[in-house]
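There are 2 protein chains.
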Amino acid sequence: MSVFNFSAGPAVLPAAVLERAQNELVKYGDSGVSVMEMSHRSAEFIDVAERAEASLRRLLNISDDYAVLFMSGGATMQFAMVPINLSAPGDTIAIVNTGQWSTKAVKEGQRFANVHVAASSESDGFCSVPAFDSWDVPADSAYLHYTPNETIGGVEFHFVPDVAGDIPLVADMSSTILSRPVDVNRFGVIYAGAQKNIGPAGITIGIVRKDLLERARDDAPSLFKYKAYADSGSMINTPPTFPWYMAGLVFEWLEERGGVAEMARINEAKAGRLYSAIDSSGGFYANPVAPDARSWMNVPFTIHDESLTDAFLAQSSAAGLVQLKGHRSVGGMRASIYNAMPDEGVDALIAFMSDFAARNG
Amino acid sequence: MSVFNFSAGPAVLPAAVLERAQNELVKYGDSGVSVMEMSHRSAEFIDVAERAEASLRRLLNISDDYAVLFMSGGATMQFAMVPINLSAPGDTIAIVNTGQWSTKAVKEGQRFANVHVAASSESDGFCSVPAFDSWDVPADSAYLHYTPNETIGGVEFHFVPDVAGDIPLVADMSSTILSRPVDVNRFGVIYAGAQKNIGPAGITIGIVRKDLLERARDDAPSLFKYKAYADSGSMINTPPTFPWYMAGLVFEWLEERGGVAEMARINEAKAGRLYSAIDSSGGFYANPVAPDARSWMNVPFTIHDESLTDAFLAQSSAAGLVQLKGHRSVGGMRASIYNAMPDEGVDALIAFMSDFAARNG
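As you go down the protein sequences, you meet chains A and B in turn. Numbering of the first sequence is given in my numbering, commencing with residue 336 and proceeding in unit increments. Numbering of the second sequence is given in my numbering, commencing with residue 336 and proceeding in unit increments.
Next comes chain A alone, as it looks inside the complex:
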């Protein structure tokens, strides 16, 4: 039986990438050893590392004005690293709050600066993106932070904010990076934990405009300074080498598939079919998100009769559609359909949903 994995993260990886990693797991190339056993300073691993960076730069068209960093600690570490690198104590930082992840960014940011919530969709249960013309971004903000895709709520920005003046725009792209083209030049910092659209958990990508590298607080831990990563090829100390290697394989796979423009076409179509199935279910299924803010990556949905949820989850799992349970804070179902989720997986889910509704309608 085919298994399709809708986990929100760690998430499905491309089958071709997993098979390649399996083939070369014990002996990588001519090295005679596993990629996991190589010194990070060996010529073989430096090649792995540099090819991964070069591939990511091609995929997102990242110019030399930006450093590409390979870090650890996920978005949660970035919630502290961004204010430590881009603001001084007492500075104002502006954050748009569209759900649980941006709420975490607010809370952690408050430990290091004065957080001004520039806009929030809390009043509608985080089911929309606040209209851009309603945002209140103080002119002296050290930066403006937002979360282009909220993994838990399934809320996505389908525009990039046009920030006035020279306020750097910072984006937590953990669950949307590489799902579509993005103009990196509009951002000060982009960061993303790997475990959704990049690779296995344990590595975090940063794309940092180089003129921002000099702003870090002097008293920060050494591993908190973007500049230390930029100056050392992200090898201040031993980096997470295997997750880095896996990220490189995923980048290569994306390039072979036609890059992010092609992924955008596929992702929009996949998400479109799934939302259509929900919307055309005659109210059996529902997604609470405003249509112009629906995520291409994470599709939460509920059943009109909540008591059917457990049956849906048990039967879908038995049919090979796994990890569909909604986040523990939300309930219901959530289908995460990242780049690596094939069309067949989405179509199998839609077919199951239709059948389940027919049997229980």
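Simulated from the structure, these hints should not be mistaken for laboratory data. Any given hint could be a false lead.
Note: identical chains are not told apart, hence a pair may lie in one copy or across any two.
[To be verified] PhoX-like cross-link-like pairs, simulated, lysine-lysine; straight-line CA separation at most 25 Å:
#, residue 1, residue 2
1, K560, K545
2, K560, K442
3, K560, K439
Note that this is a predicted model, so its numbers are computed, not measured.
Since the structure of chain A is provided, determine the placement of chain B on it from the hints.
What follows is chain B alone, placed relative to chain A:
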């Protein structure tokens, strides 16, 4: 040709562990998905995580008085986390300096507290362990930190310091953990980056006495607080799941091999044979470390005629003895012979050294 990998870290992994990981890389157990693709909160991964912790607790006989933490960032992150968790600004922290890694602990520690160097072997080029009765540990020290094995210098403590009063003892065991039995109850904190004796790079083990969990500074980043890891099963956010899984496989392998007492017997014998080969080479090879401080894990050595170093490295590598180059700061050779280095690897190196000396003597 067999390849034996003497890398100091990331380092050789047990062949049986790599083969098992390869076999189950694409589909783990009955899950239908890779262990890399599982939600860290899924029942399957929680089982992987808990079994790894239980195995480590058995191996080191860790009591319930200690929390076992799975973190990231390596020893370099711990150089900041330890003072942030165990001291207040202005406190004195005592550090024994026996080489490059403890020097880094001193430098990073100075960012967060007043470092008092309790003892140092700098004057003899970090080739010994300062006699314990010469150590000067201030009675008000927040803790005493030392590095039981210096990976670069090849200097190892063959005793555990008997600290007076209730000063917590903190040890960076990155390159010696699990190589021999240790009485965990004598320590406040033990930490270790995984990439030497535990698993692949990207995960860091902490063993923290529970009464020390409450001391962290309020203004620390959330991911810097030991207590946050202890309270969440090390799942504050998505942990590095694949390195965690691999660490668990290595722990199981160690248990199957007879545990750390048996590893100590094997390691002492392996190191003993290699030091004998150096010492009995009639001065062709030399190791600079005081005999009572020689490491079982990292054996640096030089050739009396330095100009032969490049030939040694090229020929040994061609013979399948790879990653023998000494640290860039030291030169010469370094053979790292962690738990996963089989007897055959050490014996092949000794045979090569003998042959090389005969051809170039």
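Evaluation of the provided hints:
In this homomeric assembly, K560 and K545 come within 25 Å of each other (Cα to Cα) only inside a single copy, at 13 Å, whereas the closest approach across copies is 30 Å. Taking identical chains as interchangeable, the C-alpha atoms of K560 and K442 lie at most 25 Å apart whether they share a chain (20 Å) or sit on different chains (16 Å). Taking the closest pair of Cα atoms, K560 and K439 come within 25 Å of each other both inside a single copy (21 Å) and across two copies (16 Å).
In this structure, none of the earlier numbered hints is contradicted; all agree with it.
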